[in-house]
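K.L.:
So the protein lines, in turn, are chains A and B.
Its first residue numbered 1, the first sequence is counted upward by one per residue in UniProt numbering.
Its first residue numbered 1, the second sequence is counted upward by one per residue in UniProt numbering.
Everything labelled a hint here was simulated from the structure, so no lab data went into it.
Ideal Cβ positions, reconstructed from N, Cα and C, are used throughout, including at glycine.
Treat the hints with caution; some may be incorrect.
[Unchecked claim] Just so you have them, the derived chain A footprint on chain B, three or more residues with Cβ under 8 Å: (1) 254 to 262; (2) 386 to 396.
[As the list claims (entries may be wrong)] When the alpha-carbon atoms are kept at most 27 Å apart in a straight line, the in silico DSS-like pairs for lysine-lysine are as follows: (3) B/Lys114 - B/Lys52; (4) B/Lys293 - A/Lys156; (5) B/Lys391 - B/Lys301; (6) A/Lys156 - B/Lys265; (7) B/Lys114 - B/Lys172; (8) A/Lys156 - B/Lys188; (9) B/Lys52 - B/Lys96; (10) B/Lys188 - B/Lys96; (11) B/Lys207 - B/Lys163; (12) B/Lys188 - B/Lys301; (13) B/Lys52 - B/Lys190; (14) A/Lys156 - B/Lys190; (15) B/Lys112 - B/Lys207; (16) B/Lys293 - B/Lys163; (17) A/Lys156 - B/Lys207.
So the chains spell out like this:
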Amino acid sequence: MAFAAFSAGTTGTEAAPRRKSPIALLLLLPGILYLVLFFLAPLVSLLLTSFQAPSGFGDVGQYSYAFRWENYVEVITAYWPHIMRSFGYALIATVLALVFSYPLAYFIGVKARAWPLLQSLMLVLVIAPFFISFLLRTLAWKQLLSDESFVITSLKALSLIAPDAYFTGTPVAVIFGLTYNFIPFMTLPLYTTLERLDLRYLEAGSDLYARPFDVFRKITIPLSMPGIVAGTLLTFIPAAGDYINASRDFLGGPDTQMIGNVIEANFLVLQNYPAAAALSIILMSVILVIVSIYVKRSGTEELL
Amino acid sequence: MKPRPLPADPMIAQLVRQARATQMGRRTLLAGAGGGAAALALAACSTGGATKPTAAPDESDTSKLVRWDNWALYIDVDDAGNYPTLDAFTAETGIKVEYTEAVDDNNTYYGKVKDQLALGKDIGADAVCLTDWMVGRWIRFGYTQELDLANIPNLKNLIPSLKDVGFDPGRKMSVPWQGGFAGICWNKEKLPNGLASVEDLWGPDLKGRVGVLSEMRDTMGLIMSDMGVDIAGDWGDDEYFAAIDVLEKQVADGQVRNIKGNSYKEDLINEDTLAAIVWSGDIVQLNAENGDKWDFVVPDKGGTLWNDNFLVPIGSTHKRNVETLIDYYYDPAVAAEVAAYVNYITPVVGAKEAAMAIDPELANNQLIFPDDATLAKARVFRTLTGAEEQKYDAAFQGILLGS
Chain A
1 MAFAAFSAGT TGTEAAPRRK SPIALLLLLP GILYLVLFFL APLVSLLLTS FQAPSGFGDV
61 GQYSYAFRWE NYVEVITAYW PHIMRSFGYA LIATVLALVF SYPLAYFIGV KARAWPLLQS
121 LMLVLVIAPF FISFLLRTLA WKQLLSDESF VITSLKALSL IAPDAYFTGT PVAVIFGLTY
181 NFIPFMTLPL YTTLERLDLR YLEAGSDLYA RPFDVFRKIT IPLSMPGIVA GTLLTFIPAA
241 GDYINASRDF LGGPDTQMIG NVIEANFLVL QNYPAAAALS IILMSVILVI VSIYVKRSGT
301 EELL
Chain B
1 MKPRPLPADP MIAQLVRQAR ATQMGRRTLL AGAGGGAAAL ALAACSTGGA TKPTAAPDES
61 DTSKLVRWDN WALYIDVDDA GNYPTLDAFT AETGIKVEYT EAVDDNNTYY GKVKDQLALG
121 KDIGADAVCL TDWMVGRWIR FGYTQELDLA NIPNLKNLIP SLKDVGFDPG RKMSVPWQGG
181 FAGICWNKEK LPNGLASVED LWGPDLKGRV GVLSEMRDTM GLIMSDMGVD IAGDWGDDEY
241 FAAIDVLEKQ VADGQVRNIK GNSYKEDLIN EDTLAAIVWS GDIVQLNAEN GDKWDFVVPD
301 KGGTLWNDNF LVPIGSTHKR NVETLIDYYY DPAVAAEVAA YVNYITPVVG AKEAAMAIDP
361 ELANNQLIFP DDATLAKARV FRTLTGAEEQ KYDAAFQGIL LGS
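Okay, chain A solo, but in the shape it has when bound:
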């Protein structure tokens, strides 16, 4: 119906109706207000805070509005290893999650199509961890992998790891935690695209004498690209800003601190709000740049 009305106007190219219904605007209002109040205002506040300079009686946490761009230079000089580490860990975790998730999603979405019950059961298993708090799951891993735990003592008994080796508080533990915690965000988007994968294309590929690997590379992968892009973004972005896994209270140690932990320490402990705000802005901008390059290169702008 709407399409019919629409195609009538196509003769005069730009003559399409530009009426703005007041009802539509009214319906948009709550959404716009919400965004202004809870997104735009904090963002502006964050930006302003990042340029603040020490003031007042010069004591802990006393700052006032200024244009102190040196804040950015200072935090980058002081914390560039943490910034690099965050993106490094996030990248490794994203790649690992993709490697683990793709076969799983493929199995659920393609191979298990004939058995809907199995399909739903496996999906439930993927989602099941969400029923338990993120913090509890991470703490549980910390217990399971502590020095005197069954896992670590058995590995030591089998001489698979050195007798004085340990797991908690190491980069391996943090990357493990990130991968584990974000895997469902990778699996689910992959599943939704693979579930709709038209198997006739694969048959056509084989009919044209493509080897299974070529079919996978030239047909399956391109067709599941929307899922891959969505999944990697949903994993990479929160992983880069995550501060739970790397926290010293969870799986991290003093030499695994990520940018989120630095922001937390500056904000809560040192009360150095400008530094925390500047780091947040840097984190956001870097993610934005990385994501736009990634989306551009993978040719999936239409998806966003």
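Given the structure of chain A, go ahead and fit chain B onto it with the hints provided.
P.N.:
Below, chain B alone, put in the same frame as chain A:
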């Protein structure tokens, strides 16, 4: 930005054209700018003020209420979840107490209420218990109300060593609630020979199995004491940064496994750490819950003594009620009842004698009712100026964050 060519399908092409037309006209740009300005106005509402707020008027006569924010597990609780001493207080004075376990960290609590405090607004609490150094900051900033000591006659029972402290000369703004030591503890099964000093934590057999506290004054206080510094006395950058070097080296060498706040207890339980710098009260509790597994000692060269103190936030309208409450808890019999539950050190003279009547074994526990020899070993970290606090915290956090 060059527009991409339109898709061939006429209907889609039209859709795209329409979408583009609405994208960014002059008018939408202006509207956007308006939104930005509104956001700016909102953002400007946050505070930056440098003036000290003034105290709210007292309404204790008409409003019989105290809202008390305290740390978890820091008061006596019975099996039904009631607070016996608080109930007795309400029955005695008619003042209702809303007790909340709202403080789980000095810094996070401060972060939550500081903006209201700067404006002199009510923070939803009339009494808050915070640690010495944080109380010092509140007093420096003028965020507390001066107590009327005439309303707290039982304050004569305050132990003499706490009657005058650097951050609150003459105890005009704060009164101790409970205190504790930081010292060293070890796993008795794994380390039967025990430890005596901080130096022992750096032994090669403990590599990667040592924990230290993320509370700057406790960890640094113990290390500095071990180096022969009187942490309550007159020391400066040289002594502090020498101790920072020691800690930095032990962390970099992998001797120190982790640096934690309250959650260090989990590491002791699952034996990631076999020895650690810890708080005395926690060890009493850990031993009670996990079998008598750990030993605690205040090193001969010195441990730290800290207190959590009552203070009345500047925006509270129930100061007199709070004074009545403090007076009640400075009755030795009441103090003993609390001490029997919380395992920390009570600052009330006479509580030990009162505790003898309840439970002699408890009264003889050095961690709850320390004798003079133990007390003499523990020192209070000297009060820092604002500039020192910023400098020393930054150096300590630098180690916690690694590089």
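K.L.:
Are the hints correct? Go through all of them and say.
P.N.:
Status of the hints after comparison with the structure:
1. Only when three residues or more bring their CB closer than 8 Å to a CB of chain A does the claim for the region 254 to 262 of chain B stand; here the count is 6, and the claim holds.
2. Taking a C-beta to C-beta cut-off of 8 Å, the region 386 to 396 of chain B contributes 6 residues in contact with chain A, enough for the three needed, and the coverage statement holds.
3. For the hint pairing B/Lys114 with B/Lys52, the CA-to-CA distance comes to about 12 Å; that is within 27 Å, so the pair holds.
4. Our distance criterion of 27 Å between C-alpha atoms is met by B/Lys293 and A/Lys156, whose separation comes to about 24 Å.
5. Taken as a hint, the B/Lys391 and B/Lys301 pair is honoured in the structure, with Cα atoms around 26 Å apart against an allowance of 27 Å.
6. A C-alpha spacing of about 24 Å is found between A/Lys156 and B/Lys265, which places the hinted pair at or below 27 Å, so the restraint holds.
7. With a CA separation close to 21 Å, the supplied pair B/Lys114 and B/Lys172 stays within the 27 Å bound.
8. Straight-line distance between C-alpha atoms of A/Lys156 and B/Lys188 comes to about 23 Å, which keeps the hinted pair within the 27 Å bound.
9. As the CA atoms of B/Lys52 and B/Lys96 are separated by approximately 30 Å, the hinted pair breaks the 27 Å bound.
10. A C-alpha spacing of about 45 Å is found between B/Lys188 and B/Lys96, which places the hinted pair above 27 Å, so the restraint is violated.
11. The hinted pair formed by B/Lys207 and B/Lys163 fails the criterion: a straight-line CA distance of about 42 Å is larger than 27 Å.
12. Taking the CA atoms of B/Lys188 and B/Lys301, the gap is about 22 Å. The hint holds against a cut of 27 Å.
13. For the hint linking B/Lys52 to B/Lys190, the alpha-carbon distance of about 53 Å lies beyond 27 Å, and the restraint is violated.
14. In summary, the hint linking A/Lys156 to B/Lys190 is supported, as the alpha carbons are separated by about 18 Å, within the 27 Å threshold.
15. With a C-alpha separation of about 38 Å, the suggested pairing of B/Lys112 with B/Lys207 is violated against the 27 Å cut-off.
16. Between B/Lys293 and B/Lys163 the CA atoms are separated by roughly 36 Å; this puts the pair beyond 27 Å, and the hint is violated.
17. The straight-line distance between the Cα atoms of A/Lys156 and B/Lys207 is roughly 17 Å, inside the 27 Å bound, and the hint therefore holds.
Comparing the model with each numbered hint stated earlier shows that hints 9, 10, 11, 13, 15, 16 do not hold.
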